[in-house]
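A.B. asks: As a plain string of letters, each chain reads:
There are 4 protein chains.
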Amino acid sequence: MAKLKVTVWNEYRHEREDAKVAEIYPAGIHQAIGGYLGQDSTLEVRTATLDEPEHGLTDEVLAETDVLIWWGHVAHHEVKDEIVQKVRDRVLDGMGLIVLHSAHASKIFEALLGTHTGQLKWREAGEKERLWVVEPNHPIAAGLGEYIEIAHEEMYGERFEIPAPDELVFISWFEGGEVFRSGCCYRRGKGKLFYFRPGHESFPTYHHPDVIKVISNAVRWAAPVAGSKVTYGRVEPLEALKVTEHV
Amino acid sequence: MAKLKVTVWNEYRHEREDAKVAEIYPAGIHQAIGGYLGQDSTLEVRTATLDEPEHGLTDEVLAETDVLIWWGHVAHHEVKDEIVQKVRDRVLDGMGLIVLHSAHASKIFEALLGTHTGQLKWREAGEKERLWVVEPNHPIAAGLGEYIEIAHEEMYGERFEIPAPDELVFISWFEGGEVFRSGCCYRRGKGKLFYFRPGHESFPTYHHPDVIKVISNAVRWAAPVAGSKVTYGRVEPLEALKVTEHV
Amino acid sequence: MAKLKVTVWNEYRHEREDAKVAEIYPAGIHQAIGGYLGQDSTLEVRTATLDEPEHGLTDEVLAETDVLIWWGHVAHHEVKDEIVQKVRDRVLDGMGLIVLHSAHASKIFEALLGTHTGQLKWREAGEKERLWVVEPNHPIAAGLGEYIEIAHEEMYGERFEIPAPDELVFISWFEGGEVFRSGCCYRRGKGKLFYFRPGHESFPTYHHPDVIKVISNAVRWAAPVAGSKVTYGRVEPLEALKVTEHV
Amino acid sequence: MAKLKVTVWNEYRHEREDAKVAEIYPAGIHQAIGGYLGQDSTLEVRTATLDEPEHGLTDEVLAETDVLIWWGHVAHHEVKDEIVQKVRDRVLDGMGLIVLHSAHASKIFEALLGTHTGQLKWREAGEKERLWVVEPNHPIAAGLGEYIEIAHEEMYGERFEIPAPDELVFISWFEGGEVFRSGCCYRRGKGKLFYFRPGHESFPTYHHPDVIKVISNAVRWAAPVAGSKVTYGRVEPLEALKVTEHV
Numbered sequence: 001m002a003k004l005k006v007t008v009w010n011e012y013r014h015e016r017e018d019a020k021v022a023e024i025y026p027a028g029i030h031q032a033i034g035g036y037l038g039q040d041s042t043l044e045v046r047t048a049t050l051d052e053p054e055h056g057l058t059d060e061v062l063a064e065t066d067v068l069i070w071w072g073h074v075a076h077h078e079v080k081d082e083i084v085q086k087v088r089d090r091v092l093d094g095m096g097l098i099v100l101h102s103a104h105a106s107k108i109f110e111a112l113l114g115t116h117t118g119q120l121k122w123r124e125a126g127e128k129e130r131l132w133v134v135e136p137n138h139p140i141a142a143g144l145g146e147y148i149e150i151a152h153e154e155m156y157g158e159r160f161e162i163p164a165p166d167e168l169v170f171i172s173w174f175e176g177g178e179v180f181r182s183g184c185c186y187r188r189g190k191g192k193l194f195y196f197r198p199g200h201e202s203f204p205t206y207h208h209p210d211v212i213k214v215i216s217n218a219v220r221w222a223a224p225v226a227g228s229k230v231t232y233g234r235v236e237p238l239e240a241l242k243v244t245e246h247v
Numbered sequence: 001m002a003k004l005k006v007t008v009w010n011e012y013r014h015e016r017e018d019a020k021v022a023e024i025y026p027a028g029i030h031q032a033i034g035g036y037l038g039q040d041s042t043l044e045v046r047t048a049t050l051d052e053p054e055h056g057l058t059d060e061v062l063a064e065t066d067v068l069i070w071w072g073h074v075a076h077h078e079v080k081d082e083i084v085q086k087v088r089d090r091v092l093d094g095m096g097l098i099v100l101h102s103a104h105a106s107k108i109f110e111a112l113l114g115t116h117t118g119q120l121k122w123r124e125a126g127e128k129e130r131l132w133v134v135e136p137n138h139p140i141a142a143g144l145g146e147y148i149e150i151a152h153e154e155m156y157g158e159r160f161e162i163p164a165p166d167e168l169v170f171i172s173w174f175e176g177g178e179v180f181r182s183g184c185c186y187r188r189g190k191g192k193l194f195y196f197r198p199g200h201e202s203f204p205t206y207h208h209p210d211v212i213k214v215i216s217n218a219v220r221w222a223a224p225v226a227g228s229k230v231t232y233g234r235v236e237p238l239e240a241l242k243v244t245e246h247v
Numbered sequence: 001m002a003k004l005k006v007t008v009w010n011e012y013r014h015e016r017e018d019a020k021v022a023e024i025y026p027a028g029i030h031q032a033i034g035g036y037l038g039q040d041s042t043l044e045v046r047t048a049t050l051d052e053p054e055h056g057l058t059d060e061v062l063a064e065t066d067v068l069i070w071w072g073h074v075a076h077h078e079v080k081d082e083i084v085q086k087v088r089d090r091v092l093d094g095m096g097l098i099v100l101h102s103a104h105a106s107k108i109f110e111a112l113l114g115t116h117t118g119q120l121k122w123r124e125a126g127e128k129e130r131l132w133v134v135e136p137n138h139p140i141a142a143g144l145g146e147y148i149e150i151a152h153e154e155m156y157g158e159r160f161e162i163p164a165p166d167e168l169v170f171i172s173w174f175e176g177g178e179v180f181r182s183g184c185c186y187r188r189g190k191g192k193l194f195y196f197r198p199g200h201e202s203f204p205t206y207h208h209p210d211v212i213k214v215i216s217n218a219v220r221w222a223a224p225v226a227g228s229k230v231t232y233g234r235v236e237p238l239e240a241l242k243v244t245e246h247v
Numbered sequence: 001m002a003k004l005k006v007t008v009w010n011e012y013r014h015e016r017e018d019a020k021v022a023e024i025y026p027a028g029i030h031q032a033i034g035g036y037l038g039q040d041s042t043l044e045v046r047t048a049t050l051d052e053p054e055h056g057l058t059d060e061v062l063a064e065t066d067v068l069i070w071w072g073h074v075a076h077h078e079v080k081d082e083i084v085q086k087v088r089d090r091v092l093d094g095m096g097l098i099v100l101h102s103a104h105a106s107k108i109f110e111a112l113l114g115t116h117t118g119q120l121k122w123r124e125a126g127e128k129e130r131l132w133v134v135e136p137n138h139p140i141a142a143g144l145g146e147y148i149e150i151a152h153e154e155m156y157g158e159r160f161e162i163p164a165p166d167e168l169v170f171i172s173w174f175e176g177g178e179v180f181r182s183g184c185c186y187r188r189g190k191g192k193l194f195y196f197r198p199g200h201e202s203f204p205t206y207h208h209p210d211v212i213k214v215i216s217n218a219v220r221w222a223a224p225v226a227g228s229k230v231t232y233g234r235v236e237p238l239e240a241l242k243v244t245e246h247v
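Protein chains in written order, with UniProt numbering: chain A, 1 to 247; chain B, 1 to 247; chain C, 1 to 247; chain D, 1 to 247.
No wet-lab data here; the hints were simulated from the structure. Please read all numbers here as calculations on a predicted model, not as lab measurements.
A short, non-exhaustive set of chain A residues, derived as facing chain D with CB atoms under 7 Å:
1) P136
2) E146
3) K190
Not everything, but these chain A residues come out facing chain D in the computed CB check (under 7 Å):
4) A141
5) A226
6) S228
By construction, the Cβ of each residue, glycine as well, lies at the ideal position given by its N, Cα and C atoms.
Can you build the whole structure from these sequences, using the hints too?
C.D. replies: Below you can see the structure in the form of structure tokens.
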């Protein structure tokens with residue numbers, strides 16, 4: 001069976017500019033996530049980053065990507081609009097997209113959902129987050145307990161300006177008193193999107209086994225599926241019309 | 001009670017360039033729709049068109065519009081991106097938006113939904129369309145029979161590349177053998193959107209009482225509602241944290 | 001304008017058997033809620049309780065009820081199945097239904113949703129609950145702040161075995177570490193249902209202004225609306241068939 | 001890999017009482033469907049019928065069924081309530097359920113969805129049905145063309161009194177002028193349901209390759225998935241409470 005091709009995209013700035021972050025993710029968040037996923041022999045994992053030519057997302061790379069994982073934070077505005085459009089077209093054409101944490105404010109997430117997805121409450125206090133599974137039979141929750149507990153995380157709180165998710169898998173509880181829709185599934189065009197909240201750069205969240213399990217489950221969930229044929233444009237009638245072309 | 005402020009926007013090209021269309025809509029589709037809505041004394045109706053400065057959608061007009069109705073077809077690309085962004089922001093801030101017929105391919109509809117909403121099947125053969133009500137208790141269907149029949153219309157057929165509607169009110173049957181999701185409700189940000197399929201420029205569809213009834217119902221459905229308070233951005237914790245700001 | 005007819009149904013056992021509860025709700029939870037709603041001159045409010053004949057829900061009462069509010073806890077099994085079926089039929093025929101707190105496990109809620117709605121986590125520790133508004137433009141949230149805070153409540157925690165709500169308005173945060181989908185909208189048949197979590201009998205929750213505001217908003221949201229005509233059963237074709245009745 | 005266990009349940013009355021039906025399905029609809037599915041070596045298929053003891057749905061059979069297919073028409077009322085409850089519990093516990101054609105009015109479908117699912121329009125005129133795929137990337141549509149055409153079928157028309165499907169895969173066009181939501185997905189409890197419209201007993205619909213393909217796809221879609229752990233009932237707090245158990 002052909003391997004599933006995963007590309008982990010990362011802005012890759014914090015890790016090169018902040019010693020504290022570099023300590024947690026010496027080779028970058030993309031390499032951390034990619035390394036864990038790469039232990040699965042059914043996945044073929046590559047990475048791409050903002051400062052590579054075309055942000056590492058050439059037509060060839062996109063064409064060979066089944067599922068794209070996206071992490072960004074301080075440099076959303078540096079992502080070129082033409083690349084965003086290419087990624088959007090690929091998602092609508094069937095590529096899966098997993099949007100992590102602060103990439104809620106990325107151009108690609110906003111372009112695909114249409115709302116001001118950057119709008120939410122936040123606080124960097126290193127508090128406790130507990131992600132409760134609300135749909136225990138969802139494939140993205142496979143193998144988890146009833147919740148995921150993360151000792152220290154940035155807080156994101158509602159109201160989060162997103163379209164109501166097609167499927168809501170996780171809801172977060174925060175020590176400081178907020179809640180958040182933390183695992184949101186969307187189907188758009190032929191593609192699937194999953195937004196997963198945790199993963200601030202200054203915490204070792206992507207070394208948490210349950211977080212990796214969710215990302216790994218989401219990769220499989222978001223993978224392209226065989227579907228039916230679809231065409232667009234002008235068509236002839238399938239049934240005889242009583243009218244003729246109107247004059 | 002304050003009147004509800006409705007702006008009917010129209011590309012207004014066919015009516016000026018095609019004698020056949022001008023015969024049906026001598027003052028333009030916007031004036032036809034606006035005229036019918038204006039008979040309702042609880043509505044305050046104005047119109048705006050593509051070739052006016054700023055497409056007739058100045059900041060003042062947008063600020064004073066509760067519900068915007070949008071018709072376009074051949075000149076979607078002439079609508080300026082900055083106006084599209086202003087309209088999008090107003091919708092996400094609470095203004096209702098009713099997207100008619102060929103405006104499925106408009107920039108504003110695509111920007112708010114995120115998919116290639118221009119993608120569908122079509123045929124101009126003047127065939128019969130029957131729009132079945134699938135949610136008879138939806139306020140947009142109020143006062144209708146079980147279906148709306150239109151003797152001659154352009155056909156739009158599935159697959160229509162839209163996000164699954166939050167509420168699906170109408171499904172069309174076409175004489176030539178196709179079906180279509182013809183009445184689609186979406187909530188985005190604080191705003192509501194309604195897509196309504198019928199209304200090709202070469203047919204007197206907007207003189208059909210049931211079509212006007214649907215548009216009129218949709219205006220009320222899409223009107224801004226009083227909601228709860230909402231703020232975004234950095235917040236202090238509501239509960240005492242065990243951790244202090246991480247170092 | 002005709003008044004909206006509201007019936008507040010209560011099991012009415014705790015208040016008669018437990019002095020502590022009677023202190024909070026001397027005339028019963030139904031009278032407390034009914035009293036607050038009755039201050040609104042556009043509502044016509046009556047009450048009904050389990051131990052009345054037919055549980056106070058005669059055909060006449062049901063026929064004259066636009067919105068039914070339901071509170072029950074220890075005596076769900078005493079509600080007669082034929083009354084449950086009548087209530088269900090009325091909801092599917094357009095009557096609104098507001099299901100409060102422990103009525104999640106009522107026969108009527110389970111009959112209308114189809115799942116084991118009694119299944120959830122719970123704890124009676126009098127802890128703090130904070131209900132966050134996740135859809136600030138929903139009419140049920142009108143006039144609220146960003147959240148409702150209740151100093152002491154019973155905890156309900158996920159997983160709650162309900163169908164994914166058509167609209168999710170509130171998510172609760174609990175001091176003990178859990179979350180809950182606390183404001184759930186459903187459309188079923190011609191009727192609308194709203195489940196609202198708070199309201200344990202041993203706390204003065206139904207004296208909380210925001211809780212009453214939500215119930216009041218929900219009454220209006222769930223009120224029957226004018227819809228389209230609908231018929232069922234055998235019908236003649238609307239179009240000529242090429243086949244004749246098969247032999 | 002363990003085989004997926006499929007049980008095809010059939011009322012099995014028409015085939016034994018009506019020579020015309022017996023000609024099409026000599027061994028019954030269950031054997032026809034079961035025979036086709038049985039050609040897939042990854043499936044283990046058995047059948048069960050109404051007139052067997054316990055309708056062929058003993059605890060053992062249900063416990064060993066991953067996906068149950070259900071066909072019924074004239075004898076819905078003969079299905080014992082206790083069996084319906086057992087099937088419902090199994091679905092909510094994870095067993096898939098595929099409800100075919102006239103089983104829209106079965107006790108099990110109504111019990112799981114909560115509405116009067118028997119309510120729809122119908123006509124037995126052997127007319128043409130065309131099922132359009134509206135979600136071409138749904139696994140249930142895998143391998144199909146843009147639509148399925150059935151030369152002769154009973155007509156079912158909207159309004160169909162169902163909860164809005166979680167995912168709508170097919171919409172039918174009928175020669176006589178109606179439309180119908182013909183492929184409806186629901187998640188309930190840990191289980192998945194798929195309603196598929198075609199299959200009147202007097203037509204060879206279950207010999208149609210595309211119809212079998214859909215049923216086969218639906219079996220895989222509805223199969224139980226590994227999920228997360230879930231428990232219900234009284235729980236201790238996960239966080240220290242400021243209050244003590246209230247007195």
